[in-house]
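Asks: If you want the building blocks of each chain, they are given just below.
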Amino acid sequence: MERAYRRLDPKRVVFTALLLAVCLSIPRLTDSYMLRVFNIAWITCLCVLSNYVLLGMCGQNSFAQAGLWGVGAYITANVVMKLGWPPLLALLLAGLGTGLLAFVLGFAFFRLRHYYFTFASVGLMTILNGLFMNWTPFTGGALGISNVPSFSLGSFVVNTEEANYFFIFLIFVIAYLLIKKLYHSPLGRSFMAIRDNEMAANCLGINSLLTKSIAFGITGILCGVAGALYAFLAGYLSYQTFTYQQSTMYLIMVMLGGTSAPSGAVIGTMIISLLQEWVRPLQNYMQFFYGLGIVLLMIVQPEGILGGGRALYEKWHSRKRPASTVAK
Amino acid sequence: MNLQLLVSGIAMGFIYAMVSMGMVLIFRAVNIVNFAQGEFLMFGGYLCYMFNRQLHLPIVPALLLAALAMGVVGVIFMFTSYWPLRNAQIRAIVVSAMGASIVFKEGARLIWGSIPVTVDRVVKGTAVIANTAVVQWQNIAIIGISFILILFVYLLLERTFIGHIMQATAQDRYMASLVGIPVVFSIALTFALSAMLTGIGGGLLAPLFFLNNTMGYTTNAKAFAAVVIGGFGSVPGAVIGGLLVGLIEAFGGAYISTTYQLVIIYVVLVFFLMFRPQGIFGTRIQEKA
Amino acid sequence: MKNGTVAKDRPVLSLSKVSKRFGGVVAANEVTFDLYAGEVFGLIGPNGAGKTTLINLITGVTPADEGEITLQGRNITQLPTHTRAKLGIVRTFQHPRILDRCDVYTNLAVGADLAGRRRVSSRNGREDRLEQLLDLAGLTEINLNDSIDKLSYGQQKLLEVVRAMLSQPLVLLLDEPAAGLNRAEMDHVVKLIKLATQENIAVLLIEHAMDLVMNNCHRVTVLNFGQQIATGTPEEVQSDPEVIRAYLGGAAHAAR
Chain E
1 MERAYRRLDP KRVVFTALLL AVCLSIPRLT DSYMLRVFNI AWITCLCVLS NYVLLGMCGQ
61 NSFAQAGLWG VGAYITANVV MKLGWPPLLA LLLAGLGTGL LAFVLGFAFF RLRHYYFTFA
121 SVGLMTILNG LFMNWTPFTG GALGISNVPS FSLGSFVVNT EEANYFFIFL IFVIAYLLIK
181 KLYHSPLGRS FMAIRDNEMA ANCLGINSLL TKSIAFGITG ILCGVAGALY AFLAGYLSYQ
241 TFTYQQSTMY LIMVMLGGTS APSGAVIGTM IISLLQEWVR PLQNYMQFFY GLGIVLLMIV
301 QPEGILGGGR ALYEKWHSRK RPASTVAK
Chain P
1001 MNLQLLVSGI AMGFIYAMVS MGMVLIFRAV NIVNFAQGEF LMFGGYLCYM FNRQLHLPIV
1061 PALLLAALAM GVVGVIFMFT SYWPLRNAQI RAIVVSAMGA SIVFKEGARL IWGSIPVTVD
1121 RVVKGTAVIA NTAVVQWQNI AIIGISFILI LFVYLLLERT FIGHIMQATA QDRYMASLVG
1181 IPVVFSIALT FALSAMLTGI GGGLLAPLFF LNNTMGYTTN AKAFAAVVIG GFGSVPGAVI
1241 GGLLVGLIEA FGGAYISTTY QLVIIYVVLV FFLMFRPQGI FGTRIQEKA
Chain V
2001 MKNGTVAKDR PVLSLSKVSK RFGGVVAANE VTFDLYAGEV FGLIGPNGAG KTTLINLITG
2061 VTPADEGEIT LQGRNITQLP THTRAKLGIV RTFQHPRILD RCDVYTNLAV GADLAGRRRV
2121 SSRNGREDRL EQLLDLAGLT EINLNDSIDK LSYGQQKLLE VVRAMLSQPL VLLLDEPAAG
2181 LNRAEMDHVV KLIKLATQEN IAVLLIEHAM DLVMNNCHRV TVLNFGQQIA TGTPEEVQSD
2241 PEVIRAYLGG AAHAAR
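Residue numbers (our numbering), protein chains in the order written: chain E, 1 to 328; chain P, 1001 to 1289; chain V, 2001 to 2256.
One chain only, chain E, in its complex shape:
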């Protein structure tokens, strides 16, 4: 069954083109410090997108994303530096390896229902962070790993901040489009069916355990790829980066943007990433107001910015044509 073919909305096309133009001209508009901020933000977007898939689509709350992000980063560093394999292979291995790890762990964790998966994910996060800190042969222990080489493909080396920007942005766009595609696929629908009504989903032939594990596996792939990008960009990995606090940040970002569409993840990530930079001079008070802002946002609009925007849009539309809102 295919959705009826919808003509491309010209407004949408113009909007997308504009957005793309802005994103692509950012390296021209900012200094290298801000460009680094943007690079990290796009990488973070991948992790937060994974939160969209797992929480927004499949309804499962995990706090392990930053840990999986770290797994991807350390896999990359080891593959490139110890095995000397090409970076592209490392990127793929980081994505697939982390995805496989998450998928297998998902099988164990999702045998537990409700809260228990969230508990287990907090446990996983803590254990992974402990391993990053102490497993010296793989992670360099407390000293971390430094001098991870930049990404390169043949003679083409991504070693400037600007080149990294386009490289990371490209990966982000691919991931974003794939997730959009996922939304309209049977797999994506089975995620949403589980989120909305697990018993109905089962009665429609959807295997909860397998499907949730796949969702967690996709989370792993996205975070693993993000980890690889981070390793190539930063060149230095420390256990202090891949923390539980970072995972809570991802959750806050996706909730700020809204979980009803992937764009919510991007909006939330960008707002928080940039806010943190712009208010750096006021750092002393800012964290306090940041916390206050989160509480306020949840009270005023628990569906995030997207939810708020939708509510406004519907209000405006129903005022425009009050009679035709309910189809009979």
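If you're looking for bench data, these hints aren't it; they were derived computationally from the structure. Only true hints are included.
Computed list of lysine-lysine pairs in BS3-like fashion (alpha-carbon distance at most 30 Å, straight line):
| no. | chain 1 | residue 1 | chain 2 | residue 2 |
| --- | --- | --- | --- | --- |
| 1 | V | 2150 | E | 181 |
| 2 | V | 2150 | E | 180 |
| 3 | V | 2150 | V | 2191 |
Since chain E is already given, all that's left is putting chains P and V on it; use the hints.
Replies: Here is chains P and V on its own, set in the frame of chain E:
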């Protein structure tokens, strides 16, 4: 068996028991895992520091005042971070509690600075037990005071009218409101009790470990593990779980590695989740058909 | 509709001495019946007789204590719910279990997805299939991109039947599809049931609206406290004294 380690493990266990019991009280009342429970411990400790070191009160009245103040903090927390969201999705409440924990953490930093602080001991000095083990009196005091407080809260819940009101609200809010129980009051009381119990823990802990504004997270993580290990929603489970976590931490730190302390606790937690998800005391969270 | 001849050679679904107890309550006691392709089999009985439990047992939502359930000769008693669905057992719910945060299209598509997973999507491949079903359900006016909560309760129940039909099941279990529906919506339910029998689907119908059962079922079984007290054609069952005592006696006035 290292007696010294045993006593300090049990003492820490009782602190965790107070935090996890506070967490369970809130969970039973409103079905929400409070991700800011550890901050109650931190904030309670700082309030105790304020009364004890800044206002120069003796430690016992300082502890009592801190507990009272924490009761107020708990009620404020309830009305700002939970009550407006009571009908929203659980994840929104989780995030709001996370926001609140940032507010606690940063608030404490803005008020008291980021230099670690301490308070007076309830009982000074050390005791020699069984001729070999040197035990700090504060540890014994923690065990004694916590035990009494936990017992007190438990009896309050199980044996008194107000406890029954709170339990009725926890079980079925709608029915409770139908039979004339002031639901808001009952929930606020639960939050206050939870914050007081956990807050005193901060004041008791401060002489042993310096207080700092970021201690809430690790405390929360350990209390959380304790709650799951003990059995979610079970008050005795939270206490036993807390004690277990304290002991695992003490002995794991001494015999395996201090850097792996939290990891060991969480390996035990994941082990429990895999093979006995209902924990020691809990019943499985049932799915409604 | 009832005059259609039903192939009696080999049942699609058969229950053999299926029992279920909840504590001391017997929800199903040695329930035994066969379901044939293209027939509508009514399951009636007073409230609490164990009708929905029986559907839960067939779909595997609750495991059976004893007895055997076979689908096309294959023992499915131990299989999980989703596997049974993939084998072709699809149900609706007494209170519609829709995907409440999705649009109408997604709600329907999960049904078609099941057909895809079962690799029987040929019928859905026809473009007019969805239109045909929506037309029979009287839902042609709705916008597929609308949020599902814009639909009325009756529309949601009809949508659930359409969703089940899109999965092209072998066995369709309908749990009070007409409860809470108005006259016009009830007619749509009947039309959908008719299409199901034309497509050789075995239909198990739980219903309180007596005229719906009497007019559409080929055979009926009556359940009371988990016990099958009578099985036969609607006429036979209607005149069974025990049935009248247990069920129709009280509900006959209510049958509109």
